[in-house]
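Respectively, the protein sequence lines represent chains A and B. For the first sequence, the positions run 1 to 329 when the numbering used here is used. For the second sequence, the positions run 1 to 289 when the numbering used here is used.
There's no promise every hint is true.
In silico contact screen, one side only, chain B against chain A (beta carbon under 10 Å); selected entries [stated by the list, open to error]:
| no. | residue |
| --- | --- |
| 1 | PHE56 |
| 2 | LEU59 |
| 3 | LEU63 |
| 4 | GLU94 |
| 5 | ILE100 |
| 6 | ALA103 |
| 7 | LEU228 |
No wet-lab data here; the hints were simulated from the structure. All C-beta atoms, glycine included, are put in the ideal place defined by N, C-alpha and C.
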Amino acid sequence: MRDKRHPSLSWALVVGVLALLPFVTPGTYVTGVMCFVALYATLACGMAVLLEQAGLFSLAHPTFFGLGAYVAGMLAANEILPPWAGIIVAAIVVALIAYLIGAPLLRLRGYYLACATFGLLFIVEIVLAQSGSITGGHDGLMGIPPLSVFGFTLGGDLDYYFISWGLCLGCVWFFSNLMKSRVGRAVKALHDSEVAASSVGINVPRCKLHVFVLTAIMASLAGSIFCFYLQFTTPSMFGFPLLTELFTMIVIGGPATLHGPVLGSVVLIWLREAIHVYLKDVLPKLTAEVDAVFFGILIVAILIFMPEGLAGSLDRLAHFVRRHLGRSS
Amino acid sequence: MTLLSETVQYAISGVTAGSIYAVIGICWSVVYLITKVLNFTTGEFVMLGGMLTWAFHRLGFGLLPSVFFAVACTTAISMLLERFVIRPIRFPTEMTYMMITIASASVIKGLVLLQWGSESRRIEPFFGTGVIHILGAGVTSQVLCVVALMSLITLSLHLFLNHTLMGTALRASAINLTGARLIGIDVGKFRLFCFGLAGGLGAVTGIVTAPITFTGYEIGMLTGLKGLVAAIAGGWSMTGTVAAGLTLGLLEGFGAGFVSTGLKDVLALLVMILFLILRTISLPGMRKR
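For reference, chain A alone in the conformation it holds in the complex (with noise of 0.2 Å):
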């Protein structure tokens, strides 16, 4: 979709189409709703880079996520440090985690690390969900204060709106810049083949490594916000269905680029917002297990019938159009 001869004009319009979004639409549910948008699309895009950028099948991206929100939030909630002290301490537990689990694990190939780390899923939400003296059980946890920050508390949605598409779009261009640098250059020749990456002096394992942990803390600090702004969380916020919708969000947004998953973002979490307004009289009850339904049916239409994706054909579309006028021009 973006023209890759002039990034900074793409990014500018981007920017200042989100700028200018909360100000022309009636009411906060829009930019209620974009901010769930910003942290999911973020979540998606560092899930999206390991993925396919790096080749490596990791499933643990809903914990990293939820990992950063609880901590964060205990710590908030008992007043053990301030808010924004917190999403620091959850960034540096969840890397920490990350690190230990992915140094023996990445060096595991395909399948081996999906296994590891869709157990390290569900361990994770069982633990959170029985040790309810400190988490809260499944009930969630709760009393988590607003996010303040030198003073300033912050309460609107449109705080909580600029905060997270600054760390969407922070998150966009660090992975962007990232995948042009040394390590992501060496990222992607080892998806392509890892002899041959290793053979040219590549440290294969280290690379691996400095992704998948930098991913994690990615994922940690949209947590973070997110439980912020939520001001409650339960573990199975973090489970199994949340992995099927970034399943969606990548499928849909094509996971070769780093917008696709930003915009498979935006599909997914407005289709679901048109599920639960439409189709609220007909199903008797929408948890995230009955939106996993639709999410699912679309995962399969599209690796189906459209492999590439969203912003794949969207791509394509441009290409074609850009081709033709430039031919009738």
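Following the hints, position chain B against chain A.
For chain B alone, coordinates are given in the frame of chain A:
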């Protein structure tokens, strides 16, 4: 209860769970070895077996016909999944296989939730509620039934794979797919057969355990994952999977009895992660995996 009878009781529940994990593990490995698809819907077939039996039974069918219909339906769903969802993928890679089976699992789970609600469902024990006492520990007839049936399934699968032409052909395609195709084995048919077999076996395990542990829409994923633990720890071979499944079951039985019931599911998954980490440590002279 004395310590001895308690230990025996935990061991019995461990063996029961272990025999189930072994059979589910075989479901994973049958599909994985032939098609290279890690089929995350395996657990949902277990759940479907139990739920469909309950649903047919509630509609007024007898227990035996409901069991038969449930197994037939699950087998059919599994085969349809292979033919119309997994086979048409345009760029089959490990990642797309994983995504599409996880997506299918959540579709099945969500539809069951929509249709039959989130309550736990129970099927009556097949042979009454008699209890036998061994060393002070009680064994229900259903537990005996589960262990006997699981042993029977494993034994007959073993005989099928090693002593029939089709079983030999299946093993050949697991070892070398291209070679199998070259000597005229119809691999496409085998893919369908493997998915059907996994679906049917999964349904049977789901049905026989439903009177003991109850069934509900959410049990699939965790039960399936424990089978996967057995399959991975057993190195995808049948003997290995059975041994690993029983070990896992016993570990879980004693863990639940002596440590904590709530965290017993965590135990199995921790075992898997530890096992996978141990695999990465290669000592000099070890075969590279």
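**Asked** Which numbered hints turn out to be false for this structure?
**Response** 1, 2 and 3
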